[in-house]
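All chains, full assembly: derive it from the sequences and hints.
Next come the chains, spelled out residue by residue.
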Amino acid sequence: MTAPVFDRIKKDLAENDVVLYMKGTPVFPQCGFSAAVVQILSILQVPFKGVDILPDAELRQGIKDFTNWPTIPQLYVKGEFVGGCDIVREMYESNELQAMLKEKGITFRDQSAA
Amino acid sequence: MAMDASEIERMIRAGIPGADVRIEDLRGDGDHYAAIVTAGAFVGKSRVMQHRMVQDALQGKLGTDLHALQIHTRTPDNTDKGTIQ
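Each protein sequence line maps, in turn, to chains A and G. Okay, so the first sequence: first residue is 1 according to our numbering, each after it adds one. Okay, so the second sequence: first residue is 115 according to our numbering, each after it adds one.
Treat each hint with caution, since some may be false.
[Claimed, not checked] Distance condition first, Cα-Cα at most 20 Å in a straight line; then the derived EDC-like pairs of lysine to aspartate or glutamate: (1) A:23 / G:145; (2) A:23 / G:179; (3) G:159 / A:90; (4) G:159 / A:80; (5) G:175 / A:80.
I should point out that these hints are in silico values taken from the structure, not numbers from a laboratory. Everything numeric in this text was worked out from a predicted model, so none of it was measured.
In structure tokens:
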């Protein structure tokens with residue numbers, strides 16, 4: 001099945017190295033889980049596109065079907081699904097997230113090198 | 115819409131045989147939980163795959179009946195990382 005909403009998602013992922021599907025906006029997150037991922041990306045100074053799924057019912061369901069993942073937020077790097085809030089948080093704390101960003105050539109503030 | 119902690123635990127155990135499951139009611143309100151799941155079945159699997167196994171065990175409850183469930187997956191040789199803040 002290729003719903004039109006999948007084409008929109010693929011376009012976003014093709015045009016942006018780091019995409020966060022979230023509830024609310026990066027400036028005004030509407031959910032603690034989304035806010036937590038925004039905070040981590042902000043600490044690392046990773047440029048990302050935040051996509052608010054709340055005003056768009058089609059996207060809200062579509063993004064869950066796209067990756068077969070039932071919850072929001074969802075973080076994608078270079079088109080690849082990284083995880084939700086718990087996974088991103090654990091990866092950040094264990095430096096796996098930083099290693100993955102480096103490997104994929106994403107610029108961020110590397111605190112370990114400071 | 116909320117779920118009982120024992121029901122969450124039962125469903126995860128049923129879906130991942132042999133798993134050690136610990137449920138914490140984060141706010142004491144019966145609606146915000148953390149599940150710490152330790153299972154040999156997680157060995158060699160990515161975090162995303164481990165979480166999918168827990169999601170599958172919950173049979174669609176996550177994102178519907180269960181809004182706020184933190185999931186922490188561990189392998190048996192790695193249980194010392196199982197603390198949550």
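- Task: Would you check the hint for residue 159 of chain G and residue 80 of chain A, treating anything up to 20 Å between C-alpha atoms as holding?
- Result: Holds - the C-alpha atoms of residue 80 of chain A and residue 159 of chain G are around 17 Å apart, at most 20 Å.
- Message: Check whether the Cα positions of residue 175 of chain G and residue 80 of chain A lie no farther apart than 20 Å.
- Response: Given that 20 Å is the threshold and the Cα spacing comes to 25 Å, the pair is violated.
- Query: Hey, residue 23 of chain A versus residue 145 of chain G, does the alpha-carbon distance stay inside 20 Å?
  - Reply: holds, 19 Å
- Do the alpha carbons of residue 23 of chain A and residue 179 of chain G lie within 20 Å of each other, as the hint requires? Between residue 23 of chain A and residue 179 of chain G the Cα gap is close to 18 Å, so the pair holds against 20 Å.
- Message: For a C-alpha distance cap of 20 Å, please report whether residue 159 of chain G and residue 90 of chain A respect it.
- Response: holds, 15 Å
Comparing the model with each numbered hint stated earlier shows that hint 5 is the single one that does not hold.
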